Structures are given as structure tokens and as C-alpha cells.
Amino acid sequence: MDHALVVGLHLLHAMASLALVSVGLAVIFGMLRVINFAHGEFLMVGGYAFVLSAGAGLNLWVAMLVVAPAAVGALGFLVERFVIRHLHGDIIATILATWGLSLFLIGLAATVLGYHQQGVAPPFGTVQFGSYSIGIYTFFVMIVAIVTIVSLFVWLRWSRSGLLVRGAMQDPELAAALGADTRRLRTAMFVLGSALSGLAGAVLAPLAGVLPEIGATYVVKAFITVISGGATALTGTTLAAALFGFTSQAAAFLSRPVVGEVALLIVAIVLLRLLPTGITGRYFRKAL
Amino acid sequence: MLKVTGLCAGYGSVPVLAGVNIDVGPGAAMAVLGANGMGKTTLMRALMGFLTVTAGQFVLDGRDITAAPPQERARAGLGYVPQGRGIFGRMTVRDQLRYAMIAKGRPAGTLSGILDRFPVLTPLLDRAGDALSGGERQMVALACCLCTGPRTLLLDEPTEGLQPSFVDQILELLLTLKRHDTLTILLAEQNLDFAAALCDQVSVMRKGSIAATVPAAAIREDSTNLDLLLAGDP
Numbered sequence: 001m002d003h004a005l006v007v008g009l010h011l012l013h014a015m016a017s018l019a020l021v022s023v024g025l026a027v028i029f030g031m032l033r034v035i036n037f038a039h040g041e042f043l044m045v046g047g048y049a050f051v052l053s054a055g056a057g058l059n060l061w062v063a064m065l066v067v068a069p070a071a072v073g074a075l076g077f078l079v080e081r082f083v084i085r086h087l088h089g090d091i092i093a094t095i096l097a098t099w100g101l102s103l104f105l106i107g108l109a110a111t112v113l114g115y116h117q118q119g120v121a122p123p124f125g126t127v128q129f130g131s132y133s134i135g136i137y138t139f140f141v142m143i144v145a146i147v148t149i150v151s152l153f154v155w156l157r158w159s160r161s162g163l164l165v166r167g168a169m170q171d172p173e174l175a176a177a178l179g180a181d182t183r184r185l186r187t188a189m190f191v192l193g194s195a196l197s198g199l200a201g202a203v204l205a206p207l208a209g210v211l212p213e214i215g216a217t218y219v220v221k222a223f224i225t226v227i228s229g230g231a232t233a234l235t236g237t238t239l240a241a242a243l244f245g246f247t248s249q250a251a252a253f254l255s256r257p258v259v260g261e262v263a264l265l266i267v268a269i270v271l272l273r274l275l276p277t278g279i280t281g282r283y284f285r286k287a288l
Numbered sequence: 001m002l003k004v005t006g007l008c009a010g011y012g013s014v015p016v017l018a019g020v021n022i023d024v025g026p027g028a029a030m031a032v033l034g035a036n037g038m039g040k041t042t043l044m045r046a047l048m049g050f051l052t053v054t055a056g057q058f059v060l061d062g063r064d065i066t067a068a069p070p071q072e073r074a075r076a077g078l079g080y081v082p083q084g085r086g087i088f089g090r091m092t093v094r095d096q097l098r099y100a101m102i103a104k105g106r107p108a109g110t111l112s113g114i115l116d117r118f119p120v121l122t123p124l125l126d127r128a129g130d131a132l133s134g135g136e137r138q139m140v141a142l143a144c145c146l147c148t149g150p151r152t153l154l155l156d157e158p159t160e161g162l163q164p165s166f167v168d169q170i171l172e173l174l175l176t177l178k179r180h181d182t183l184t185i186l187l188a189e190q191n192l193d194f195a196a197a198l199c200d201q202v203s204v205m206r207k208g209s210i211a212a213t214v215p216a217a218a219i220r221e222d223s224t225n226l227d228l229l230l231a232g233d234p
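Taken in sequence, the protein lines are chains C and G. Note that this note's numbering has the first sequence beginning at 1, numbered continuously upward. Note that this note's numbering has the second sequence beginning at 1, numbered continuously upward.
One should not assume that every hint holds.
Simulated coverage check for chain C against chain G, where a stretch passes if three residues somewhere in it have a Cβ under 8 angstroms from a Cβ of chain G [claimed, not checked]:
#, segment
1, 166-172
2, 179-190
Ranges of calculated distance between the beta carbons of each label pair, as one might list FRET restraints [to be verified]:
#, chain 1, residue 1, chain 2, residue 2, range
3, C, GLU261, G, PRO123, 50 to 56 angstroms
4, C, ARG273, G, PRO69, 41 to 47 angstroms
5, G, PRO69, C, GLY209, 42 to 48 angstroms
6, C, HIS10, G, ALA131, 52 to 58 angstroms
7, G, SER13, C, HIS10, 31 to 37 angstroms
Quick look at which bits of chain G chain C covers, simulated, 3 or more residues with Cβ under 8 angstroms [claimed, not checked]:
#, segment
8, 26-37
9, 98-106
No lab work stands behind these hints: they were computed from the structure. Note that the coordinates shown come from a computational prediction; the quantities given were computed from them, not determined experimentally. Cβ atoms here follow ideal geometry from the backbone N, Cα and C, with glycine treated the same way.
Chain C extracted, bound-state conformation (with noise of 0.2 angstroms):
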């Protein structure tokens, strides 16, 4: 009993954990349509800002929950305002330019902080069920992911920022026609969508350490999990992160960790075989 709520619980994370690497490129990718190769790095720059600044003395949950969003949010406002915005949407040249972000800033992390895994300890210590011990900062990871989730969902249903925000990812050329400032509107979406990014980037740090070069375990998954999801963004990144997370961890536990990732890779194929449009391209089409 005690074991099968362990390896539940264990589920649990691995789900979350792929919802909040996800939810950021579900809005940069899955909303906006731009394909931003530099992901991984943005999570990479939230752990290393959470990391440094807890480092320096400052209070551990304003770094993990104010200052690593901020920092990544402020880095995706001058890469939508100086790339992103001038490339028109050219598919090529986006994947390009955010490729070469993304090894400009590994290369400046391992020249300025080095190749060295710097991290915290996760918070909180450990809870015992019966003879297995888990962390408490698990049940975090998990509450920090249905809580950014929900908030989303919430702002973007019942909100008016929301309702703008969602007639303009729908349609910019409409929505201007209308009188609402795309442009504007498309930042703000990009600047959420990376400071989401950082605050994943931070919330996974204690547990998984970072490195200059961390991005990339996150970045396919992350891509893989978004294009599953579908064309309604949100709810289907949830899902497919629900339905990834869950295959990688319970194949994992049958077998060994990379057994997970393969059987991640398998059901992705299996599923974009079966619904080419992904999750929401056939059901939830009114979801958001």
C-alpha cells in the first residue's frame, strides 16, 4: 500500500514536471507560433537566477517565485523586441536566430559561471509512508504547476486581458481590425511565456541541479509535449504532459530511466500517428 502511494505520488511529479517545462513554450510556441529553440536555455537562465540570487543571500522564495521569472520574462521582452519581432514570423529564420541564442547563452553561462552543477537543496526535508521516505518539495513541484496552470486558465476564460489576448492568437489580423494593439499584445504573451519558463527553470532546480548546458533535457520533451497537446494550447500541453509524464515515470519504474524516455518518445510517435493535429485537434477543439 505504502509502495503504490510512493510510486503514485511519483506520477504525480513527473506529470507536473513536465507541465511547468511545457507551459511556457505552450504559450510562446502553442499561442504565438514561434518557435523558440532557445526553451531550454530560458529555463537554464530562471535556475541560474534563482540559484546565484538565493546564493547571494536573498530570501529563498522570492528568488524561486519572483526574481527567476522577472529575470527570464525581462530576457524574453529583448529577444521579442530585437529578433523575435523583426523576423516577421519567417519560420526558418526564427528557428535559426533562436538556435543561436540558445548557444550564445550556453556558451556565456559556462564562461562566466563555469561547467560546474551549482543547485540548492530542496527545501522542506522528507515525509515518511511507512518504510519509503519522499520529499516534501515534491507536493511544491506539483502544487506550483496546478496552480500556474489554473491561473492561466482562469485569466485567459474570464478575463478581459484574456479575452484580447485570445482573439489575437486566434487571429492578429482580425483582432487589429477590431482596434486591439497585436503588437503589444504579442509581447506581453512572449515576455509570460518566458518568465513561465524561468519560474519552471527555478522550481526544478533544487531537484535537478543546473548547468550551462541543462536546456537540452528539457527542450525536446518540451516541443514534443506542445505539438501533442495540439492546436489549443493550454489544454493540451496539460494533457499530453499528463499522458507523457505518466508513460516516462511508470516505464521508469518498470524498467530504468532512459527505458522512461524512450517509452516517451514511442507513445508521442504512436499518438501524432494517430491524431497528426495533435490531442485538441480532434477533442477539447473548445477549450482553451
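Model the placement of chain G on the given structure of chain C, informed by the hints.
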């Protein structure tokens, strides 16, 4: 009031509009007729700011908005109903109307005013744009445009593919708006009867410029000359 002088625009390096001149007074309506590919939609998109203007001037209510982005044109009182019933497919009709009300940054009003004018939309409020018929979409597009409070309307083929009953409804509505709200209207159409019934003047567009302009009253009496113009005869 809408005044276009020597307007040139196109797609990338391909020119389409070659010096368009249009003058529509306050509360007046002008139709631009022409066969497919003559530049009607390009004209509408250029006037709304979606295409870069390479030469010429566009003055709306005394203000030069030639270089203004689309949202500024909308805020200056220009309303646009694009060809193909531009609505948000994955948004309910209620949200689309709310969107149009708040897009310019104004406080959201109630829907009752617009629903009084468009009673056909009341039972459709919770339906998504994708689930509407062509005529219903046209009504939603027009209602959204009016929610922005325009003084000048750009209508791009609003009757295209619609059943006659919807065409009559739209005509009646636009005539009411023109008379009671003194809206200035620029209409791109292929439906000569609709254009002649709504507008004061009818222009024919050929190869990216206005080839001729005649009073609508003359067409209502005898459309033979305009038919010849549309067919391409000099």
C-alpha cells in the same frame, strides 16, 4: 468622410493598386465593383493598413492615416468587415461581441444595444464561430464591426455566397445605419443590385484603378452601361 488620392499598393514587389482615387462624403456610400482579380480586396486591405502603401494618401475625417497601423485606423473610426466573414472561429459569439467592445480599450458595455439591432444573434450567443452558417457569420462580423463604434465602414463583398433572405436583411440593416447613424460606407461588391440599392455612387475597378464612377440612381434605372464597363468594354 473618406478621401483616397493616388493610392498605390501591392503584395511584396507585385503592384496591384495603381493610383486609386476615391472620395466619399459623410453619410454617403460608394460601391466599388469589378471582376475577380481587379484589386477590390487589395484596396480594402490597403485602406485598413494590412498592406504597405507605396504612394498616395488616405485621409479619414480630415486626418491623414496613410501610414497608421490597423489598430490606429480602427481607433480613428474605421470599421472593416473582411471578405469571407472574418470572425474568431474558436470563440463564442458572446465573447466575439465583448471582444469588439473592449478591443479599443473602452470599458465593456452591455450587449443589449447590439442585440436589439441584431436579434438573430440572441439564440447564437453561446455558439462558437466555427459552428455558424455563412449568413450567421456575416451577421456576427457586421455586429462586431459595429460594436467598435465606427464612423466609416469598409465592407468587402458582404453578400458573397449568401442566400437571398440574408442579403435582404443585410441590405435593410446597412440602409438603416446609413440613414440613422450617418455612417460613411465603402463597399466592394460583385452584386450590382445590392450595390445600387445601398450606395449613392458606383465605381468600376479595372486593373488596379477606378475606371469609371456613375450615380447609383442611373444604374437603378438602366444598368446596361455599367454592365458594359464591368465586362471590360471602354
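Consistency of the hints with the structure:
Given as covered by chain G, the segment 166-172 of chain C passes the check, having 4 residues with a CB less than 8 angstroms from a CB of that chain where 3 are the minimum. Coverage of the segment 179-190 of chain C by chain G holds. Counting CB-CB distances below 8 angstroms, 5 residues qualify, and the rule asks for three or more. The hint said 50 to 56 angstroms for the Cβ distance between GLU261/C and PRO123/G, and at roughly 51 angstroms that hint holds. For the pair ARG273/C and PRO69/G, the supplied restraint of 41 to 47 angstroms holds, since their beta-carbon distance comes to about 43 angstroms.
In this structure, PRO69/G and GLY209/C meet the distance hint of 42 to 48 angstroms, their C-beta atoms being roughly 46 angstroms apart. A hinted range of 52 to 58 angstroms for the beta carbons of HIS10/C and ALA131/G is inconsistent with their spacing of about 42 angstroms. Evaluation of the 31 to 37 angstroms hint for SER13/G and HIS10/C yields a failure: the beta carbon distance comes to about 59 angstroms. Check on the segment 26-37 of chain G: 0 of its residues sit with their Cβ under 8 angstroms from a Cβ of chain C, so the three-residue criterion for coverage is violated.
Counting residues of the segment 98-106 of chain G whose CB lies closer than 8 angstroms to any CB of chain C gives 7, so the stated coverage by that chain holds, three being the minimum.
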